[in-house]
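The listed protein sequences derive, respectively, from chains G, W, C and S.
Take 1 as the starting number for the first sequence in UniProt numbering and just add one per residue.
Take 1 as the starting number for the second sequence in UniProt numbering and just add one per residue.
Take 1 as the starting number for the third sequence in UniProt numbering and just add one per residue.
Take 1 as the starting number for the fourth sequence in UniProt numbering and just add one per residue.
Quick caveat, the hints were computed from the structure, so don't treat them as lab data.
Put simply, identical chains are the same to the list, so a pair is met inside one copy or across any two.
Dumping the calculated DSBU-like pairs for lysine-lysine here, alpha-carbon to alpha-carbon at most 30 Å:
id	residue 1	residue 2
1	Lys247	Lys113
2	Lys247	Lys186
3	Lys100	Lys256
4	Lys113	Lys148
5	Lys113	Lys211
6	Lys256	Lys113
7	Lys256	Lys211
Please read these numbers as outputs of a predicted model, since none were measured by experiment.
There are 4 protein chains.
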Amino acid sequence: MTDKNIPRAILLFSCPDSKGIVAEVTHFISVYGGNITDSNQHNDSETNTFFMRVAWDISDFDIPRDKITQAFEPIAIKYNMDWRIEFSDRKTRMAIFVSKFDHCLYDILLRNKEGEIDADIAMILSNHKDAEPIAEYFDIPFYYFPVKRENKTELEKEEISLLKKNNIDLVVLARYMQILSPEFVKEFRNKIINIHHSFLPAFAGAKPYHKAFERGVKIIGATSHYVTEDLDEGPIIEQDVVRVSHKDGIPDLIRKGRDIEKLVLSRALKLHIDHRILVFRNRTVVFD
Amino acid sequence: MTDKNIPRAILLFSCPDSKGIVAEVTHFISVYGGNITDSNQHNDSETNTFFMRVAWDISDFDIPRDKITQAFEPIAIKYNMDWRIEFSDRKTRMAIFVSKFDHCLYDILLRNKEGEIDADIAMILSNHKDAEPIAEYFDIPFYYFPVKRENKTELEKEEISLLKKNNIDLVVLARYMQILSPEFVKEFRNKIINIHHSFLPAFAGAKPYHKAFERGVKIIGATSHYVTEDLDEGPIIEQDVVRVSHKDGIPDLIRKGRDIEKLVLSRALKLHIDHRILVFRNRTVVFD
Amino acid sequence: MTDKNIPRAILLFSCPDSKGIVAEVTHFISVYGGNITDSNQHNDSETNTFFMRVAWDISDFDIPRDKITQAFEPIAIKYNMDWRIEFSDRKTRMAIFVSKFDHCLYDILLRNKEGEIDADIAMILSNHKDAEPIAEYFDIPFYYFPVKRENKTELEKEEISLLKKNNIDLVVLARYMQILSPEFVKEFRNKIINIHHSFLPAFAGAKPYHKAFERGVKIIGATSHYVTEDLDEGPIIEQDVVRVSHKDGIPDLIRKGRDIEKLVLSRALKLHIDHRILVFRNRTVVFD
Amino acid sequence: MTDKNIPRAILLFSCPDSKGIVAEVTHFISVYGGNITDSNQHNDSETNTFFMRVAWDISDFDIPRDKITQAFEPIAIKYNMDWRIEFSDRKTRMAIFVSKFDHCLYDILLRNKEGEIDADIAMILSNHKDAEPIAEYFDIPFYYFPVKRENKTELEKEEISLLKKNNIDLVVLARYMQILSPEFVKEFRNKIINIHHSFLPAFAGAKPYHKAFERGVKIIGATSHYVTEDLDEGPIIEQDVVRVSHKDGIPDLIRKGRDIEKLVLSRALKLHIDHRILVFRNRTVVFD
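Isolated chain G, as found in the complex:
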């Protein structure tokens, strides 16, 4: 409900909890003429860790935007914060990795067109050529990397180089059927979002719909998470489910699953590009 046209700074941090943090942070914003438009906090009582997201209108802020980080740093140091500052009018630059299934790809591109996923979709990369006409229709550069076991190291290097050169800050695996190497993952810590077609931690790994059918579950799910070195073990951003029955064979699970894959991935992307997610100990704090 926030007016999207107002430029805002968004501060996200976690730190050991102590008195006066909120007061000091909000005073910093207020004293320089910022108007807080959105504020959320959370306290993890188990670890005594404090989390906060605060956004403020910087139209009349006395500190120019390129000096805000520097100005806030003393407070961050004082409270030992893990922090970052984002700006609402700087669009996330996104690269979409895809294989042959195109439903998530279409979904992201259409939501982008609607302004719902308000990012710069800078490129589509694929190990197949199937998505090339889609890229063309939506006028997005398409790159073909026929990754195979024998050329994976080399092609991943090229991919990383391409992503870096294009200032990509979010890699989306939109049903990309390849596992990224630990080296790739390290380059984009908390910047790779995957959609897994099961309700994790159930049915991690390959062929989750087949496993779900075999086990006879009455509900199937989808999970969007940040990619870490451990397959399907990264911090979960969003999940959703759909009811199934004995009437649903594997093709039905796949069909019903597509709808939740699209919804879950797109919600996760929106939360990420709106800078609403903090990662802490392989879990996420999502300020929606």
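Given chain G's structure and the hints, the job is docking chains W, C and S onto it.
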């Protein structure tokens, strides 16, 4: 996730939006040694109204609890706030009104026993004697008011007097099949919570399950709301739904509906007694 | 889970309930060498009406498909059935009406491409030219009918003529912002499916998201129904909902609503083209 | 929607699929004057297995009820059926096992009182005395079996003997915190229903809410299943989920989980006692 044993003050307010409110409120708490445990805010851009709920640990607060209101008043006046301060260790005193259906009554009493609805259930009032043994089992005083058209004005006066004498601050209509008079409602503004067995505004008034069956809907609902002078028109606190089909006759709708009536009413009660609701222009802001 | 490649006959009927119907119908199928692949029945106890849908493999059926109707007729007459026979390998010919919003249009076209909505999409009709490039991308004929108050009667006649000429048997209003005349509706009884962006009967008519916001509901919905002469009063096929909160302004309701509009409309279309719906007294019996 | 007062026979079977089964079964019912009130079938195309549930009014059935099994047997043998016949007016005799948590126990007892779970609750067994006053309030015999590692074999024998003597045909583990021995399980094949407080197969075994919190899932679940020798691996009857967030600590997961545990267990019990479940290869076919 907040430790329930820490005594906290909870400030709730709405006011015209302007710069510096959050900073001033949090500074007030911080400067007297309060530690904020929970904070939420909302801005209604249409009316430019600001809403806030902030809770702080008062164990080491420099202002004694009976002076906090007085101390905060200048800020409230400055920003033209509609405000109140509650204390987490003062339990809401609840009266439950019930007729013959007892599923919501049992549900509230059992959740109270679990500590989930953490209120003092001071009494059960009914226009029937059916619930008396239930009251006895849970050791709650039971009052029988056989309200009829001809004695309604008189009995309502007695009820109001009984409620006032017992310092009741929340009246729960747990499938109470009587309409309260405007006079009664006025005495407990935003302090009467009803459960209506439909997805309002669909099927307001009597026999909603019959109407839902007649219309052939594929989903039925329940709505918990504050009672106002306009029947089923008060501010909605919580709603939920359940899927139905052509296989469900009216008795099935009634059966399926019971489950969501219980869930929706109990969630609304928990939100109210945890002081998470602000009412504004016949809508609610719910800080959960 | 039925093998789509097996040609099947699908019998749907309703009739006054009496003994032996199921036995007689299944005997008819069995005696001529049909193998039942799917069977559903329902009894409306209020009106004592019996409903049945039964599908059978006709690969080895002794009656040629163009004689099945004639062969079954005596049974239909005996039990006073309202009945029809469909064939699984005859695709429904669909025309999509659309205005400016294209999310439902894209959704149907993509599901059609996936084989999920297994119809012949014969044409797209619109009162605006916005959807023309979409039609082109998916290679579907596009027709522009700039319907206005003054030319409505005339243009509707042309539309009806075009639909008839092309043997259209399902008209889909995919967020078509025009009301069809009673004359149009009469031509396609139970063959026009609309998506309404509210949880009917709540918020019928124009601007349901604005009304939902105004009322302060906590859940919004979408409803797919057959179009009748009474606006938003036709038999409901499918509904679904999504949770909202005070944080959601009208643009958020519109955004969240798009997802359920797409899901609800596509489910209704799938049920219709799979011949799973019987209409009875302005309600639907849906054999899924 | 079926009239509960009409006595009905309910035939359930699975067998290798072949032509004419439905016709032969329905002819058997029809020819002796039975009126089919409910019929469902399913074909598992992977294993080519056919499943059917058919219920018929036996008020005017020409075969007395104690001869129906014998009369049907030739058809069962012909098609190599795994089959049983139940009667709607013979109530399932249920024993509830419980430990200290009483929310599922109360829930079942209250639904039984409402007529929703229409069984004879013959006894409550527990390894603690906490539930004794509840048993007393609802007027159900209570048995105390303080099962410990050292006396487990012996006490289980006594339990089995007690259950047999009382003709118990359904054992409900309503958050019973003991694992039954394989010997116990063998005695009640497909007649023991457990509620597990996770979305199986995720978080099988002990402390699922703690594991769910640790993993950072965004949705938690509950699963009702038949108990087999493999812990939490039996055929799943019903599952449901509830959304959680970073705000929910373990006590919140436990609280939110209670609601779905109650709902899922009670739905599974209703399906079982209404004879709507067939077990096949560790999965269930549920004709609802």
